[in-house]
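Student: Single-letter residue listing:
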Amino acid sequence: MTAASTETRAPHRRPPVSLDDIAAVTPVLAHYTATAIVQGVWQRPGLNARERRVTTLAAFIARGQTIGLPHYFRLALDSGLTPAELSELVTHLAFYAGWPNAFEAVAPLKDLFDERGIGADQLPAATLPLLPVNVALPDAADSRAATTAGIGAVSPGLGHFTATLLHDEVWRRPGLAPHLRNLATLVALIAGGQAQLLPRYLPRALLAGVTREQLSEVLAQLAFYAGWPVTVAALPVLEAFFAQQA
Amino acid sequence: MTAASTETRAPHRRPPVSLDDIAAVTPVLAHYTATAIVQGVWQRPGLNARERRVTTLAAFIARGQTIGLPHYFRLALDSGLTPAELSELVTHLAFYAGWPNAFEAVAPLKDLFDERGIGADQLPAATLPLLPVNVALPDAADSRAATTAGIGAVSPGLGHFTATLLHDEVWRRPGLAPHLRNLATLVALIAGGQAQLLPRYLPRALLAGVTREQLSEVLAQLAFYAGWPVTVAALPVLEAFFAQQA
Amino acid sequence: MTAASTETRAPHRRPPVSLDDIAAVTPVLAHYTATAIVQGVWQRPGLNARERRVTTLAAFIARGQTIGLPHYFRLALDSGLTPAELSELVTHLAFYAGWPNAFEAVAPLKDLFDERGIGADQLPAATLPLLPVNVALPDAADSRAATTAGIGAVSPGLGHFTATLLHDEVWRRPGLAPHLRNLATLVALIAGGQAQLLPRYLPRALLAGVTREQLSEVLAQLAFYAGWPVTVAALPVLEAFFAQQA
Chain A
1 MTAASTETRA
11 PHRRPPVSLD
21 DIAAVTPVLA
31 HYTATAIVQG
41 VWQRPGLNAR
51 ERRVTTLAAF
61 IARGQTIGLP
71 HYFRLALDSG
81 LTPAELSELV
91 THLAFYAGWP
101 NAFEAVAPLK
111 DLFDERGIGA
121 DQLPAATLPL
131 LPVNVALPDA
141 ADSRAATTAG
151 IGAVSPGLGH
161 FTATLLHDEV
171 WRRPGLAPHL
181 RNLATLVALI
191 AGGQAQLLPR
201 YLPRALLAGV
211 TREQLSEVLA
221 QLAFYAGWPV
231 TVAALPVLEA
241 FFAQQA
Chain B
1 MTAASTETRA
11 PHRRPPVSLD
21 DIAAVTPVLA
31 HYTATAIVQG
41 VWQRPGLNAR
51 ERRVTTLAAF
61 IARGQTIGLP
71 HYFRLALDSG
81 LTPAELSELV
91 THLAFYAGWP
101 NAFEAVAPLK
111 DLFDERGIGA
121 DQLPAATLPL
131 LPVNVALPDA
141 ADSRAATTAG
151 IGAVSPGLGH
161 FTATLLHDEV
171 WRRPGLAPHL
181 RNLATLVALI
191 AGGQAQLLPR
201 YLPRALLAGV
211 TREQLSEVLA
221 QLAFYAGWPV
231 TVAALPVLEA
241 FFAQQA
Chain C
1 MTAASTETRA
11 PHRRPPVSLD
21 DIAAVTPVLA
31 HYTATAIVQG
41 VWQRPGLNAR
51 ERRVTTLAAF
61 IARGQTIGLP
71 HYFRLALDSG
81 LTPAELSELV
91 THLAFYAGWP
101 NAFEAVAPLK
111 DLFDERGIGA
121 DQLPAATLPL
131 LPVNVALPDA
141 ADSRAATTAG
151 IGAVSPGLGH
161 FTATLLHDEV
171 WRRPGLAPHL
181 RNLATLVALI
191 AGGQAQLLPR
201 YLPRALLAGV
211 TREQLSEVLA
221 QLAFYAGWPV
231 TVAALPVLEA
241 FFAQQA
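Chains as they are written, first to last, in my numbering: chain A, 1 to 246; chain B, 1 to 246; chain C, 1 to 246.
Treat the hints as calculated values from the structure; they're not laboratory data.
Covered stretches of chain A (chain C as the covering partner; in silico rule of three or more C-beta atoms under 8 Å from a C-beta of chain C): (1) 118-124; (2) 184-192.
Not everything, but these chain C residues come out facing chain A in the computed CB check (under 8 Å): (3) His31; (4) Gly64; (5) Ala220; (6) Ala233.
Pair by pair, the computed Cβ-Cβ distance ranges are: (7) C:Glu169 with A:Asn134: 53 to 63 Å; (8) C:Asp114 with B:Leu207: 47 to 57 Å; (9) B:Ala149 with A:Gln244: 14 to 24 Å.
Glycine is no exception: its CB is placed at the ideal position from the N, C-alpha and C atoms.
Bound-form chain A, shown alone (with noise of 0.2 Å):
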């Protein structure tokens, strides 16, 4: 996607919805949202708040919801997370979630950096030195061989950027840590209702630290922020992976 356009962009002005908008129409969704959300799943273990924050909003990106972006990109910032890493989601997620769901997510970050004064300074620059592919893709050999074996027998262009795009450069990136980037890599699949590619990333996810007990987490998260049906149809993948892993 390109956006030449020279109109100037108005800003993001998304009208939020409020918890009294929502107790109007359902009061039990605003009681719910208090009580099984912020006072639930959010107090639960096994997740801290960062890779909380990175799981809800891989999972608006990946779906392609903007409605929460506003709210839970400052929610981020408030976490920890930093510009940096907030800018590098973003992009890591234009391949997972497409081009527009990330063009989607430009504004409200925008906004909210134009707001706390946050400028090129604290971004990643276009280029920059890589990670060591070792510390990055800690299946890379695999991986990259399977790339142009597999992907390539049937799309060699797709082979082609997976391989000198993604491999040799986005995934290397330093300013999301390899454990974060798995974590929102396996957000986007299971958000997006491609939990049947778990099998191909996981190996991955688990050299570079994520674990069992955070997928489980990530799990009951999920249900209530991409639903039940794409998060329950994650549970068979994952058994039978774990299964065959023992």
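Chain A is already provided as a structure; the job is to place chains B and C on it using the hints.
Tutor: This is chains B and C only, laid out in the frame that chain A set:
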């Protein structure tokens, strides 16, 4: 998702798309809307008007499609669905389509309630006497046990919320009859592209009075509102399920 | 969906996201947009400009992504797609992405038509002489029989609309060449996360002149616009299909 914002929400101002607009870019789509939908699928026997409105609204909310919500919430009230039923429907779909999709439904529904003077006295309270388990969940013994053993084995947190929140509370709320609640759930699965999960939910739906003939009509209607692909994807799942029942 | 509203629709005012906005939150995403997409995938052989525009627009509409529509409808006209072709494309995708996603495309397309003075005389009429069956549906004998026997067995209503509306009419409309119509359909399946349905639609597409090489390029392009997950999910399906053909 929480929304503790104190900003004043502007009224919902999503401009509707009129039949004139549609005819101005594709005359045949306006023609099909009138002939195949309004004079076509809506007039078929097999589902009554209330069931057809629930089907459409559940599909829209499951897919995060907001463009038709103002018009269809209005049609739903005019077809005899009560404000209480629409309120419960949105809450139920928060769980089966994700919190953000339910939040997207809040503004158009609030605008309509405001317009018609519908206040809290017509809406279900956050806590209220629940339906007996055997009425709300005719498959309850089975399904709660399956929850504990199945979901909880992969994610104790998800098992916990499924058992204590969905089974013990949401499904037992009296504001939406089990028949319509099950119908909305099945529609959310199909429209959300998760038809492979239908066998997990169909036994309860059949016990609650959803018939095979009604499902047949749901598919005919969903093809228009959610598209042929997700609808056609449900066919082999339903065929295999009913073949096994026979 | 109907929209009998008599309210005046405000012109489409979705603010575009500019490359400057993107660079302000993630410089590297603006960089990748220029290098990997505009100077990258767009320049690859294997698909011409018209085919690349149809691919992108079908992906956006299939996924309900509106942010790029104004820009890409404009690019499509500038790449030689006619207003009539865009009109038919939106109609076709109403069936393969659902009515609401097509309706979301109406406002940006109407704004563009208004801007360029494109009126009803340049658009396909609601009824018009249809293409011969063997031209529009080279697999027609097979597919109509399959419809009756297969779809109709689970849902007579869906079988009825598929046979009488899709097979007998929509697919035979002359405003969009069978080659582009098939391409848009395959893209809608992949981008919509329903790649498992490809074997049902591929035989017709191949007979209509979509080649395996074109599909390979479609995947390379879709990875950016619809994301790696739904694109990668299509690989094993295509591989198995073509292995069986060989």
